[in-house]
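Novice: Chains as they are written, first to last, in UniProt numbering: chain A, 1 to 554; chain B, 1 to 554.
No lab work stands behind these hints, which were simulated from the structure alone. Some hints here could point you the wrong way.
Put simply, identical chains are the same to the list, so a pair is met inside one copy or across any two.
[Unchecked claim] DSBU-like cross-link-like pairs, simulated, lysine-lysine; straight-line CA separation at most 35 Å: (1) Lys501 with Lys264; (2) Lys377 with Lys537; (3) Lys322 with Lys377; (4) Lys264 with Lys88; (5) Lys377 with Lys88; (6) Lys377 with Lys483; (7) Lys322 with Lys537; (8) Lys356 with Lys264; (9) Lys264 with Lys118; (10) Lys501 with Lys377; (11) Lys356 with Lys88; (12) Lys118 with Lys212; (13) Lys88 with Lys501; (14) Lys501 with Lys322; (15) Lys501 with Lys483; (16) Lys483 with Lys264; (17) Lys322 with Lys356; (18) Lys88 with Lys118; (19) Lys212 with Lys322; (20) Lys537 with Lys264; (21) Lys212 with Lys501; (22) Lys377 with Lys118; (23) Lys537 with Lys212; (24) Lys264 with Lys212.
There are 2 protein chains.
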Amino acid sequence: MASQGHSSDKSVRTSLDNLLRIFTVPEAPESTLGRLDQSISQNMAGFLQQHIVAEEIDLAEIEQDFTDTEIPESALLVSEQTDFLLDKVVAQSVHTSSPSFIGHMTSALPYFMIPLSKIMIALNQNLVKTETSKAFTPLERQVLGMLHRLVYSNDEAFYQRWLHDAHQHLGAFCSGGTIANITALWAARNRAFGPDGEFRGIAEEGVYAAFKHYGCEGGAVLVSERGHYSLSKAADVLGLGRAGLVAVETDDLNRIRPEALRAKIAELTEQGIHPFGLVGIAGTTETGHIDPLDTLADIAEEHQLHFHVDGAWGGPTLFSEKYRGRLAGIERADSVTIDAHKQLYVPMGVGLVLFKDPAALNSIEHHAQYIIRQGSKDLGSNTLEGSRPGMAMLVHSALKIIGRRGYQLLIDQGIEKAAAFARMIDAHPEFELITEPELNILTYRWCPPVAQTLLEGADSAQAAEQRTELNELLNRSTRYLQKTQREHGRAFVSRTRLTPKRYDGQPIVVFRVVLANPLTTEEVLREILIEQVEIAKDAALMPVRQQIEQLCLR
Amino acid sequence: MASQGHSSDKSVRTSLDNLLRIFTVPEAPESTLGRLDQSISQNMAGFLQQHIVAEEIDLAEIEQDFTDTEIPESALLVSEQTDFLLDKVVAQSVHTSSPSFIGHMTSALPYFMIPLSKIMIALNQNLVKTETSKAFTPLERQVLGMLHRLVYSNDEAFYQRWLHDAHQHLGAFCSGGTIANITALWAARNRAFGPDGEFRGIAEEGVYAAFKHYGCEGGAVLVSERGHYSLSKAADVLGLGRAGLVAVETDDLNRIRPEALRAKIAELTEQGIHPFGLVGIAGTTETGHIDPLDTLADIAEEHQLHFHVDGAWGGPTLFSEKYRGRLAGIERADSVTIDAHKQLYVPMGVGLVLFKDPAALNSIEHHAQYIIRQGSKDLGSNTLEGSRPGMAMLVHSALKIIGRRGYQLLIDQGIEKAAAFARMIDAHPEFELITEPELNILTYRWCPPVAQTLLEGADSAQAAEQRTELNELLNRSTRYLQKTQREHGRAFVSRTRLTPKRYDGQPIVVFRVVLANPLTTEEVLREILIEQVEIAKDAALMPVRQQIEQLCLR
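This is chain A alone, in the form it adopts within the complex (with noise of 0.2 Å):
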């Protein structure tokens, strides 16, 4: 089942006729295609129905099945080609719709996604024109409107002014959330160094000639030291440097301090450093927290940042009568991010950035005469990317399907479980909980009592030594458990580095849980624990284990 077959009955294939024949609709069902096609649906609905989360196989081994890099020279039969995917490919993935992998913001979707997305894929519709898009193209303008009215709450007069006008945008599509914090940055980049007089703009001139001609030293974009990794990228491809992404200090709930901000405005300003942007997060990645939003649209109005809330995680929260007010502040921002391959449930490769004011994205227009002419209703002229996929279509469909209280369900559900996993935890002698879950994050660690006694012990300089050297112990352990659970491939959480207040900053290896998917049961998070107790036991950990007890009992 590799790759080439040189025989000459197969070079007999790659005739002309053979090719067309690929390309043209087969009339009947029980074709061969339409048969693959039933085959593949009941192959998959057997894959997601086993709720194991991955086979125990090394990357090194599955790295053999892809090592040929020639183009075979005849072609394999569609069959051919589809055993070899439910063989090499399906069987040796990653079940992240399983109710044990809750590991990562990967989760389930809901199963009418997939004769869905057929619709989008047998179409294929490319977004940056109308004339290769039609219907997607209001389609997608409504889905904007749609989450933009969830985040705004703008009157009726609003969108049916601004949802299908030409020249406006209340957002953009865009491949994921990176994609979207970039487009946000670099729309107010480009409006913070905007035109002026014999300047033409940073979008003309680059941020050198801008600089120069607003007199800085450089430009910032302030965020919490949560913030993720894709503000830092976006620092770098904005030609900011990842330095002109400044972070700031968080409190114990990993919330940006408002007064360290503060002082790290006027700390750049002295510098001649421009503060042009300031992100609130909603929803860390790590932890799930929440910026105190509110705040920080009164600090961005004060010192007029662009005010940007990387909602790609906690944005749908939206949805929750009872959890929304925690978001408070986020309708002051200047631009909102929210991933749709997410927390609305939507297969990847999907998220958008929507703008409260629909002139925003007129700061990084770009047209051509082929394509995206002026005046048109083309959505590539205020998007990063180019020819993109009609996932508004799927986006469309979840808001329609599970509506808004299907959401708040799904949000609060997620929400509910996290507290309650958390009491679980608290209330296991073996776990210590490291954040409490604002939203559907929690992370905890393993931590028997013997280390829970010294950890709550009094304060001395030898017991701060003793923690020290029980935390480097227990980040071991943290690892190797984490680690050796995912080979299992029972159930699957992540890890992770945090510096709690707790313990002064020391660095803690953290296991992190997100859960998202509705399947999830508290009898599965129970066997979670009991699987990592489990494996506390292994032989591999014995001196490990024996070490922390000879410290905590010195």
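Assemble chain B onto chain A, guided by the hints.
Specialist: Chain B alone, transformed into the frame defined by chain A:
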């Protein structure tokens, strides 16, 4: 079928049980979803078999179906939404795979893409990290290797060494050619202004500090005036400013003029601007012409420029033994963009950039603790995007199922069909060929015999003036013809504006034809000309026709 439905029985649907059900795999193919899947398949087959390009409906009218921005409280049934999609979206889409849709680079798909895409959607892998992609990671690397080999033809040992290396990358998958071009120029910029002594590099310190450190007034990338608009977008995004993308004059065949390029480089250097990049085009978007890549490689070497080839369209010409020579020199490029959703015939949303030097992408490397940790094989560390779908699976399938010889046939017949169409236009009394095709793209315009006589007539000041006036009238006609033909919906050619040397750089509006669909026959092309001749007789065009005649017989 609009959006809301607040009846109490509908609100019941949003109960948690119902919600869990939509996330649960249907057990049997005879389930509701199974039947829906069948009916979508049949509907799509029906749509794709129907050979009209688009229904004649005005965009403003279509917008009426997409005006509601309120997210429905209660959910629609999947079948209700499907009906809406089939009725209002599919039926009002553009039939991009119609043999008479020859206006854009979005073309037909091999039909096997539809069932195979289901695997990608159902698995919902995320390529940012091996923990969410497993087998998809080595698969994506393999595809990069296959296309790298197509371009650079390194030996087996090279690919065995680097294909699955954790620290080096043969290229990057992207959502399309725009991101691919930005990625190439980003890496080029970061290498050209890299760390140097105290200076920590442009990635860290930004454009302003970099230019100050290196003592230049600007940075420039050179490209012919036919460069794709994504390059000027890249220059804006990357902080060079659009002025940092320097356009170089082209010759009669829309190819960059090497002597003009050398002069520009000298001019920039004199102005204290550092030219660090040169883009060669392998298939201009408008006319499909190819720059003299080998000569550009010499110049790049001489001036130490990063040499990028934008082969978004023309790259796959390398599959053809007969025509690959037209891209000679591409193997000397530092980086090459190829769009998979163009001439690799993969669904919308995937392009890639290849790098000659596997270490080149290290200049844009990003890491984070919770994801893409240093030393892992996570692909997210060296891509502009973050979370990404497993489109590589579809490229892999296309390369295997179509095979090298299949692609060769596709390329050859496209180029030869364009040559035949050019002869057809040349021979036709009512049309004028504007650009001779080098690949499968050509431009022409409607030009009645009387006009052709004037255009080809003797040179005099008076004649030149008459020609200018005539060209303006012809421009109006071409615009009308193209728009009207599109509205009729039976065929689609696009239009653009060129500045041919033979008309002294006067802007000339032309029909633009892209021949990538193997089902487009010469008969289809003949009919397109017949329809255009018919439209030229429209009453609406009568005044312009009369003006043309008066002018020519003056």
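Novice: Would you list, in rising numerical order, the hints stated earlier that this structure does not obey?
Specialist: Hints 3, 4, 7, 9, 12, 13, 16, 19, 20, 21 and 23 are the ones this structure does not satisfy, whereas the remaining hints hold.
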